[in-house]
Amino acid sequence: MSDEELVASSLAGNDAAFAELVARHKRKVFAMAARFGRDDQQIDDIAQETFIRVWRSLAKFRADAPFEHWLSRIAVHACYDFLRKHRHEREHVALDENLDAPSHDTRNDAAEILHAALAQLSPKERLVITLLELEEKSVREISMLTGWSESNVKVRAFRARAALKRILEQRHE
Amino acid sequence: MNDEQLNDLFHASRAQHRDTSRAEFAFETRLMARLRAEREELPLLIWARRLCPAFVVVVLALAGWTFASLGDWRTDAATKSDDLQFVQLVTGKTL
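Going down the list, the sequences are from chains A and B.
Every position in the first sequence, counted from 1, becomes a number in the working numbering once 28 is added.
Every position in the second sequence, counted from 1, becomes a number in the working numbering once 36 is added.
Just chain B, same shape as in the assembly:
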C-alpha cells in the first residue's frame, strides 16, 4: 500500500456521506426530554457536591478521634505496665 493508494481511499471515503436523516428525526424532542430529566437530577448533584467538604471534615474528625483514642489507650497500657512492675518490686511476687 503506497501513499497514492491510501489517498485514493481517503478521497473515495470523503465523497461518501452517510445519510443521517433517520437519526436526526425528532432529535430536538429526544434531547430536550433528556435535558429536562437531567435538570431534575441536577439539584441532587449540586447538594451532593456541596456536602462533599462536610463529609471530608467528618471523616478527618473521626480519623483524628480514633488516633487520639489509640494514643490514650497506649498511655493507659504503659501506666498499667509501670504499676505492675512497682507491685512486683515491692511484693516480690509475679502477678
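Bound-form chain A, shown alone:
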C-alpha cells in the first residue's frame, strides 16, 4: 500500500492505516527530533506533536508531492515550536553543560560540546544551522521546509555560524 493510499484510508477512519503510516516514517521523525530534544522524553514529545499535527491536517494533504516531504515540513515546524517553548530552560542547561565539559576535546565530546553551544543560539538560528550542517539540507530545501525565503535562510545561517564561533571561543578562554 502506498503512503497516499494509507492517507486516504486513515481519512476514512481506519486507525490501523494511520498506525502503519506512523510506523513507516517514525524513524526519520525521531532522527530529526533527536537533534533538538535533550532526552528520550523530549524526543518522544516532538515526535508525538509531529504526528498529531499530521493527523489533524491529513485532509489538507495533496498528493502532488510525496508524503515524506509534507511530513518533514510538519516535523521541522514542530521542532521549531519545541525550541521556542524550551528556549530559556535550554540556555540554563547549556551553561551548566559548559561548566561540566571536559577540558580536552576528544572526538566523542565534539557532539556534546556542539550541542551545548547550539543550545545557546536563538531558535531560528539553531534550526537553520542544524538543518544546514547536521541534516545536510540545502538552502533551497530549508527554505521549503521552514517557509522562509532563501536569502533569509542564508542570513540566519551566517549569523548562526558567527554566534556559534563566538560561543565556542568563549568556552576555550
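None of these hints come from the bench; they were simulated from the model.
Each hint should be verified, as a subset may be incorrect.
Derived SDA-like pairs: lysine to any residue, alpha-carbon spacing no greater than 25 Å straight-line [what the hints assert, rightly or not]: (1) A:K113 to B:E77; (2) A:K165 to A:A36; (3) A:K56 to B:E77; (4) A:K56 to B:R66; (5) A:K113 to B:L71; (6) A:K54 to B:A51; (7) A:K56 to A:A36.
Assemble chain B onto chain A, guided by the hints.
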C-alpha cells in the same frame, strides 16, 4: 575558533546518531491512545468554536443595550435639569 575547526565539530557531530530505539518503542500505541483521547475532546472544541460568533453577538448586543440605556439616562437627567430650572424661574425658589 576558525571555520575549519567549526566544520570539524559539525562533521564529528553529524557522524554521531543518537540511539532513539528506546523512545521509539511502542510509539504507535502511545500515539494512537493520545489520538483517541483527542478525538473524544474534539466535539467539545468544535461546538465551542461554532458558538464563538454567537457569544460575540451576545456581547455586542449587551454593549449596545448598555450604551443605549446610558443615553436614555443622560436624556432623563438633562430633562430633569430643565424642569428644575423652570420651577426655579417660576417660583424664584432654589430647590
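(request) Could you grab the alpha-carbon distance between K113 (chain A) and L71 (chain B) and see if it respects the 25 Å cut-off? (result) The given pair, whose Cα atoms are some 22 Å apart, holds under the 25 Å limit.
(request) Take a quick look at whether K56 (chain A) and A36 (chain A) sit within 25 Å of each other, Cα to Cα. (result) With Cα atoms ~22 Å apart, K56 (chain A) and A36 (chain A) stay inside 25 Å; holds.
(request) Take a quick look at whether K56 (chain A) and E77 (chain B) sit within 25 Å of each other, Cα to Cα. (result) violated (29 Å)
(message) Given the hinted pair K165 (chain A) and A36 (chain A), is their Cα-Cα distance within 25 Å?
(response) Distance of about 30 Å is beyond 25 Å: violated.
(message) K54 (chain A) and A51 (chain B) were given as a pair; does the straight-line alpha-carbon distance stay at or below 25 Å?
(response) With a Cα-Cα distance of about 20 Å, the restraint between K54 (chain A) and A51 (chain B) holds, given a limit of 25 Å.
(request) Please work out if K56 (chain A) and R66 (chain B) have their alpha carbons no farther apart than 25 Å. (result) holds (18 Å)
(request) Assess, step by step, whether the Cα of K113 (chain A) is no farther than 25 Å from the Cα of E77 (chain B), and give holds or violated. (result) holds (24 Å)
Checked against the numbered hints above, the structure violates hints 2, 3; every other hint is satisfied.
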